[in-house]
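So the protein sequences, as listed, match chains C and D.
Residue numbers for the first sequence follow the numbering used here, beginning at 1 and rising by one.
Residue numbers for the second sequence follow the numbering used here, beginning at 52 and rising by one.
What the hints contain is simulated information worked out from the structure, not anything from laboratory work.
All figures in this text were calculated on a predicted structure; none of them were measured in a lab.
Some clues are possibly wrong.
[Unchecked claim] In silico PhoX-like cross-links for lysine-lysine, where the CA-CA straight-line distance does not exceed 25 Å:
(1) K174(D) x K559(D)
(2) K399(D) x K653(D)
(3) K26(C) x K577(D)
(4) K562(D) x K274(D)
(5) K227(D) x K526(D)
(6) K227(D) x K523(D)
(7) K497(D) x K399(D)
(8) K244(D) x K227(D)
(9) K26(C) x K562(D)
(10) K26(C) x K399(D)
(11) K274(D) x K26(C)
[To be verified] Partner residues aside, some chain C positions facing chain D, computed with beta carbon under 8 Å:
(12) T2
(13) M4
(14) I8
(15) M9
(16) S12
(17) V13
(18) V16
(19) L19
(20) C23
(21) K26
(22) T30
Think of the CB as a built atom: it goes at the ideal place given N, C-alpha and C, for glycine as much as any other residue.
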Amino acid sequence: MTAMGWLIMFISVGTVTTLLVWCIYKVLTTPEETEHIHGFEQETPDAETRD
Amino acid sequence: MTSERFYDRTGPKVTQFARIFFFWHVLASIILFCGMSDSKKESWNSRVGVILAVAGSAVGLGNFLRFHGQAAEYGGGAFMIAYFLAFLLIGLPICWAEWTMGRFGGQAGFNSCPGIFNYITRKPAFKYLGVIGVLVPVIIYMYYVYIEAWCLGYAVNFLSGNMDFSTIEESSDFWKVFIGYGEDGSALGFGLKQVGFYLILVFVLNFFLIYRGISKGIELFCKYAMPTLIVLAIIILFRVLTLGTPDPAMPERNVSNGLGFMWNPVKHVVEIKDEVGNWVLDHETVDAEKLAGETLSAEADANTRVRRIGMVEQLLNPQLWLAAAGQIFFSLSVGFGVIITYSSYMSKEDDVVLSGLAATSANEFCEVALGGLITLPAAVTFLGVAGVAGMGTFGLGFNVLPMVFANMAFGEFFGFLFFFLLFLAAVTSSLSMLQPGIAFLEEALKINRKQSVALLGLVTALGCGFVVYFSKDVKALDTMDFWVGTFLIFVLSTIQIIIFGWVLGIEKGFKLAHQGAAVRIPRVFKFIMKYVSPLFLLIIFSLWVAANVFGINLRTGESEYSSYVRDLFIEPNTVAWLSVSLIAVVAALFVFIIAQNAEYKKLKKEENT
């Protein structure tokens, strides 16, 4: 692989890895939203028994 | 049973029909049994669960079997520029639009694409356009589950030691027998080396999980499957990157050249003159030493030349942009009708911006950082550039890679791991294809989940039986994938981004997206989502139709109708016509159901009063 190939590979892999790590960090460090979402109270049509 | 008996002119038809009937009978019994159970409340349990479910929907076979082939064909560096641009201009915008519209429609009690479109636009025509959002996942499921069964079957056969191939031809022959490529009706054998048994297993597994509901089925499975998938991929990646040069007699076949074939921004191709004096491609060369030798030889031969194709020249090729946009499109599962349904089960203050970004980033990581470093480098390391160049998704995945694993130390183990990884990726995707249909039937017919699971099970079992029966040349699968799995996805994505930017309105759309958002969408995306994304999509869609329907070569301008058009109108093919008819029948069924639904009409009436 050429030097440019290595560079493009590292930039591409690094970009998507950094983005994923940042997203995981943000998801795990925003407790108020996470806890809030845990409380999905919305009932889907599945919750109803229709005969 | 001898092969003559099995392929007897009348015998096999009766046998296969009996098998198909038995398969449906067993499946219907299981579904009806499930339907008799008590109903339970269900919903998403956590944000991580939603993200993993959406990421699981997006991460599929394309991440590990399609992406790198596209990147290698168009020169890694140039392709990645177009790929990341397409990600920013259509991937992320449509994704955010789907998440936002889904949650908005869900607040009004609508979970299906027709219901959500009807609610947002208040225009009757849009509820019928929304049918595409149900049709696409339901039809794709019919053939996707068949491919999913191949993955499971390959994993089991690697464990059983049945994949000891010494040539590509042996590997290819195994695949053809396994999937029934040679003759219609020959796919439903139930031996270890035939797909029938695995098909029933994966079909039942999917419906078992979907029956368990959103949190106890989809979410729970994805919570375990997605991390497992990533761990498996990292193990295989480590193995591939440490392969070195397996055959000292062929030093050019090594990992470095495998990576170079995919990532090098500049390509070197050897061309030779044909009889009329035109230069035609002979092969591509990656290895530096080999290239130097070929350059010297070419200088001494007037009929041979080594041509350097730089990044700029590749970026000027419209096919590259089409390939990059198409890959982003299909990879992120935008325009499938899945995300809009999944997000409809969220509440008003739940974050959609970060969740959407997290799910897409997980998909991109699996595609670029894992899939991009595993499949092609492994194949080139054992077979060389010439052995893998031009291989399609199925050819690379089910002919080349089994051969590669068969020649690798501990190949049976790593072959099993790889195909089990593909199987997990496929299950998380196929599960997501069922939920839009379930949501639509519940909403439009006012039935509960058990009844909708049973009904959808019947429809998809019939469709899947059709695809599997007409297995010769995978004609049914290929036709349905083209018209639904590609064409209609473009159409639905275009409709979605237009509804978000122009019907709902970009200001209102952004306001809705930011309700409960953990991060903010940069303001520049207002302009992108309103003007750039629809325009970019329309251009790409037009190019796609020109290239793939009318068969126009975008570089030379020459044209010849594609095989899909020829199969329908020029040299009519019965299976192609039956496949299109099946799609039309399912679409008509959904349209009829919508037309009978009083709730959609009431919505319009309320607005008028």
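inquiry  = Under the constraints set out in the numbered hints, which ones does this structure not fulfil?
reply    = 4
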